[in-house]
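Participant: Given the sequences, and given the hints that come with them, work out the whole structure.
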Amino acid sequence: MPLRLVAPEWSLLVPPLIVLGTIVLLLAIDAVSERAARKTALPLALVGQLLALVSLATVDWGQGATTFGVSYRADWFALVVSLIALVSGILSVLVSAGYTESGLEPGVGLAEYLALLLFSVFGTMVVGAAGDLIVLLLGLEMSAVAVYALTAFARRRLTSVEGALKYFLLGAFASAILIYGMAWVYGLTGSIVLSDIAHTLRTVVTPGQPLDPALLLALLLLAVGLGFKIAAVPFHMWTPDAYQGAPTPVSAYMSVVPKVAGFAAVARVLVQALQPLSDQWAGLLGILALITMVYGNVVAIAQRDLKRMLGYSAIGHTGYMLAGLAAFTNGLAGDRSVGSVLFYLFAYAFMNIGAFGVIAWLQERGLGTTLDDVAGLAGRAPLAALTMAIFMLSLMGMPPLLGFYAKYYVILALIEAGQLWLAVAIVVMSAVSAFFYLRVVTQMYFQEPGGTWRPVRTPLLGLGLTLMAVATLALGLVSGPILELAQHWPAALT
Amino acid sequence: MTELSATHFLLLSAALFIIGMVGVLTRRNILVIFMCIELMLNAVNVSLIGFAWELHQLTGQVFALFVIAIAAAEAVVGLGIVMALTRRADTVDIDELRQLRE
Numbered sequence: 001m002p003l004r005l006v007a008p009e010w011s012l013l014v015p016p017l018i019v020l021g022t023i024v025l026l027l028a029i030d031a032v033s034e035r036a037a038r039k040t041a042l043p044l045a046l047v048g049q050l051l052a053l054v055s056l057a058t059v060d061w062g063q064g065a066t067t068f069g070v071s072y073r074a075d076w077f078a079l080v081v082s083l084i085a086l087v088s089g090i091l092s093v094l095v096s097a098g099y100t101e102s103g104l105e106p107g108v109g110l111a112e113y114l115a116l117l118l119f120s121v122f123g124t125m126v127v128g129a130a131g132d133l134i135v136l137l138l139g140l141e142m143s144a145v146a147v148y149a150l151t152a153f154a155r156r157r158l159t160s161v162e163g164a165l166k167y168f169l170l171g172a173f174a175s176a177i178l179i180y181g182m183a184w185v186y187g188l189t190g191s192i193v194l195s196d197i198a199h200t201l202r203t204v205v206t207p208g209q210p211l212d213p214a215l216l217l218a219l220l221l222l223a224v225g226l227g228f229k230i231a232a233v234p235f236h237m238w239t240p241d242a243y244q245g246a247p248t249p250v251s252a253y254m255s256v257v258p259k260v261a262g263f264a265a266v267a268r269v270l271v272q273a274l275q276p277l278s279d280q281w282a283g284l285l286g287i288l289a290l291i292t293m294v295y296g297n298v299v300a301i302a303q304r305d306l307k308r309m310l311g312y313s314a315i316g317h318t319g320y321m322l323a324g325l326a327a328f329t330n331g332l333a334g335d336r337s338v339g340s341v342l343f344y345l346f347a348y349a350f351m352n353i354g355a356f357g358v359i360a361w362l363q364e365r366g367l368g369t370t371l372d373d374v375a376g377l378a379g380r381a382p383l384a385a386l387t388m389a390i391f392m393l394s395l396m397g398m399p400p401l402l403g404f405y406a407k408y409y410v411i412l413a414l415i416e417a418g419q420l421w422l423a424v425a426i427v428v429m430s431a432v433s434a435f436f437y438l439r440v441v442t443q444m445y446f447q448e449p450g451g452t453w454r455p456v457r458t459p460l461l462g463l464g465l466t467l468m469a470v471a472t473l474a475l476g477l478v479s480g481p482i483l484e485l486a487q488h489w490p491a492a493l494t
Numbered sequence: 001m002t003e004l005s006a007t008h009f010l011l012l013s014a015a016l017f018i019i020g021m022v023g024v025l026t027r028r029n030i031l032v033i034f035m036c037i038e039l040m041l042n043a044v045n046v047s048l049i050g051f052a053w054e055l056h057q058l059t060g061q062v063f064a065l066f067v068i069a070i071a072a073a074e075a076v077v078g079l080g081i082v083m084a085l086t087r088r089a090d091t092v093d094i095d096e097l098r099q100l101r102e
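Sequence order for the protein chains is A and B. The numbering of the first sequence is this note's numbering, which starts it at 1 and goes up by one. The numbering of the second sequence is this note's numbering, which starts it at 1 and goes up by one.
These are computed hints drawn from the structure, not numbers from a lab. All C-beta atoms in this analysis are idealised placements derived from N, C-alpha and C, irrespective of residue type, glycine included. No false leads were mixed into what you were given.
Derived Cβ-Cβ restraints for the label pairs, each shown as a range:
no., chain 1, residue 1, chain 2, residue 2, range
1, B, T7, A, G480, 47 to 57 Å
2, A, E34, B, Q61, 37 to 47 Å
3, A, G208, B, S5, 26 to 36 Å
4, B, T7, A, D196, 19 to 29 Å
5, B, E54, A, G480, 49 to 59 Å
6, A, L17, B, L55, 28 to 38 Å
7, B, L58, A, G21, 23 to 33 Å
8, B, A14, A, T329, 33 to 43 Å
Chain B is nowhere near these chain A residues, computed Cβ spacing over 10 Å in every case:
no., residue
9, G109
10, T458
11, A474
Here's a subset of chain B near chain A, in silico, CB distances under 10 Å, partners left out:
no., residue
12, M40
13, V62
14, R98
15, L100
Facilitator: Put into structure tokens, the structure is as follows:
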């Protein structure tokens, strides 16, 4: 067979290419002149991502066009994942703005920091658009490896390195398991293309019959590997350590974007490629969802350190999102499962990056990260306290904030799929989570302040926090278009 | 004389993968854990090439090349983190790292 080379459809690749171009520019400027890099890095990273965000409008996502053969898919799912990744990336850059310069973490180079952050955003966009297992894996690893390095970025602080090491070792371990699962899927179906895998499996799997043990092994390996990436219990051990040890803006970033990459990979691998096995994996995800949300929310109660508490709370939210995936029924229009998870991730980006952003804001003013440090914040800085309260209430799921709508759509999907027990579990666990989220609020409003307060100006972080607070307050009420976009997923994945 | 079949590749691969996995779970030295992870990744490569050989395809071989690239990238970042660690803590024992606790 003669080898035929076809030029890729560049127009489909514009958004990720803009991000890649920004990274190259950042590194090039840094290599030429560190002083110039310090001045231009922040605006460059912001403008690059904003341009990429705008350029999403230039691609016709409804066509489901593919390029590089079928390895890169420009479909609805890719659009929503890119949208969430870029919005989170922009917000994370705003949160990082003052922190890296304020001397809190010695030895941090801003341009390299932003380049790594953008690499991770780029990787996440690639996972969203992956059409085969190799591209999916490359995106997932790019998104993760960059964050290992970011976690260790405050390398003179031992906790930062320790968190990074634990994150790295478990992440690499999980990757090996995941790739082993991919190898088995390839061996059993003879293809790495997601849609071809689904096609082949449809011919060999009969519903109601027990599964070929080799296929079951592949499914389990994939579930374990991906479970680590999204921090589902019992594969969550790295999460609290990594969140607590990392520089706070990195914690903000890694609580959202690598999770988006992880869930995008779960959707691409399980929902798209292994759809004929949905009887098996939907049940498995349901059980994982339940233990994940219970464990995360219950253990979070015992935490004094806010970053660690948010780490456990992030595990709890992973549980809610897994429940959304477990609501998968048939992948036809009207199946809300994946759409509700995408909307949840979108909502989660604003409230969680916001919550970490307020902690970074406090650290820049000389405070620590424990519950005692937020005591009496309402008296010192009423706006910051109000912002934090908004994020806490939204994470808890208080209507009419964004977090409420996120949970509402997941619960709706579960009820429509007839999984009432998971819907009830989400409601009960939200009530449990009220305990630790509201404790932050009472600390801020009803306690006396302690510690030293060092007033500084952080305009970009302030802008970011304002944006996220407003979005958390108002986006829920106008969430229609985004939800509609997310609900187009069956066109992409089935 | 027995001819080699895909099963032989898969058995070798499974054995290597399990050795690596047990190593990761039982050893306390960070570098040894890291080597075990590399062993697991190479076990996967043996599987991929075994499957490709059986299916008469190149795809699996190309996949293995990408896995090697990923392993290299992970090694760079991972060893960088270990370097930073030994400068701070002068230990490579995972159990001695317990600054981050409840």
